[in-house]
Amino acid sequence: MIPVCPLADLPTGESVRIDTAPPIAVFHTDGQLYAIDDTCTHQDASLSDGWLEGCLVECPLHAASFDLRTGAATCLPARRAVRTHPVTVEDGMIYVHHHAAEEGTAA
Amino acid sequence: MKSVAVIGASLAGLYAARALRAQGFDGRLVIVGEEHHRPYDRPPLSKAFLTGATADQGQLALADAEEIAELDAEWLLGTRATGLDTQERAVLLDGGRSLTTDGVVIATGATPRRLPGPAPAGTHTLRTLEDAQALRAELTRGPVRVVVIGGGFIGAEVASSCAALGHDVTVVEAAARPLVPQLGDTMAGICAALHADHGVTLLTGTGVARLHDGGAGHRVTAVELADGRLLPADVVVIGIGVRPHTAWLEGSGLPLDDGVCCDAGGVTPQPHIVAVGDVARADGTRAEHWTSATEQAAVAVRNLLAGRTVATHRSLPYFWSDQYGVRIQFAGRRLPTDIPRIVEGSPDDRSFLACYERDGRTTAVLALNRPRPFMRLRRELARAAQPVTT
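Going down the list, the sequences are from chains A and B. Just so we're aligned: the first sequence equals residues 1 to 107 in full-length UniProt numbering. Just so we're aligned: the second sequence equals residues 1 to 390 in full-length UniProt numbering.
These are computed hints drawn from the structure, not numbers from a lab. Some hints here could point you the wrong way.
[As the list claims (entries may be wrong)] To give an idea of the chain A side of the interface with chain B (calculated C-beta under 10 angstroms), a few residues:
(1) His62
(2) Ala63
(3) Arg80
(4) Ala81
(5) Arg83
[Unchecked claim] Beta-carbon label-pair distances, calculated as ranges:
(6) B:Arg383 <-> A:Thr88: 32 to 40 angstroms
(7) B:Arg114 <-> A:Cys75: 36 to 44 angstroms
(8) A:Glu14 <-> B:Gly325: 23 to 31 angstroms
Glycine included, each C-beta is placed from N, C-alpha and C at the ideal position.
Pulled out of the complex, with its shape left as it was, chain A reads as follows (with noise of 0.2 angstroms):
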């Protein structure tokens, strides 16, 4: 479980980036967070960066974008999914539940 920031720094239409390797993007959107894994599948450019359209993420270099419910890549150049995590909020603060260790195991 790792702690991401609190939820007041978050508001809606924003989204933040944690280190982790690989790193991942945690989006607030119209009271939902999601955390997927945060570099594009196509090329290297940082979804955290891209435009977020209701539970869509366009990614700010080739305009692929992603569902951030199922991390399925919803338009070209990307092809693959990008991992999704799970993400729950507690005392304010928002944790991101990091597969890394699981691959081929996470939701």
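Using the hints provided, position chain B relative to the given structure of chain A.
Same frame as chain A, but now just chain B:
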């Protein structure tokens, strides 16, 4: 239309093939590629692939096995198109073969320009996977002196990759400053400063007279500049632009002028022939950008299937470059007279956002390491540039 041939197994060619199937074309689809590879992504070749960060060429593939199967295309790889017979609707292929087809998508891209005269061993251009592999092999043998001829995006990216690998690098640029046509003088100057930040020498305002070698068939030893200076070199990379690959179309009757002349929808005077990507001179403009290659394809295919121009490609030009750990992104249509104004960050930090302005209006936007605000402005510009149509 029962059959379409895509000439060029490139980014634009693949996107055209995808668009054909996505738009309901269920006829015979033939993709002819001069290289032996299925379509792959070229941008990493001068960056992650050259430095070895992306060592596996499989990571460059633009389509996976599943998609290749779904495309249901016949692939003629390692095959060069040598001519186009518009009367007989036939594409001539090397080895004397020909391919009769109802529609043609020309996506043959461009080839690097070379210096006049012989190219001794140790001189490279960078366009194909083989080019990148050959250059990478030379760069992994230990520290060498690299001279990069041409300070454009490819030259700067190669210089950056070579510096990251620990080589001694000099960039030679004939103009007073590289990237001025793309970025304007002030912003080009800021980008040019990245070289010095990383110990790379940038020599500007002088052309190259000739390459020296140690005798016939030997390796390059030095680059002689037009002003007489001699730069010792173990490896020379020539990045002085590209020429659209249209030689095979000479005599076809298609209008050629630094590219295949077509309208803003990619359609040539022969409505069953369209052109996309680097080889296309669409409505008087030839773009060499990744994004326009992908976007043009869907539009051109729509027109091809319609038999006339029903759509045009008018999206906002966009390109990016990664150099020395700095991501440079540019979008818009700027005139040389537009004034850049830094709206966020600072050039000293190599991280800023600049808007080019004309009559109080933003025409283009440039970012160094500011992807998020860049993206927001790029979207705003795109919206403003494209009136909503129904």
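Please write out, lowest number first, the hints stated earlier that are contradicted by the structure. 4, 5
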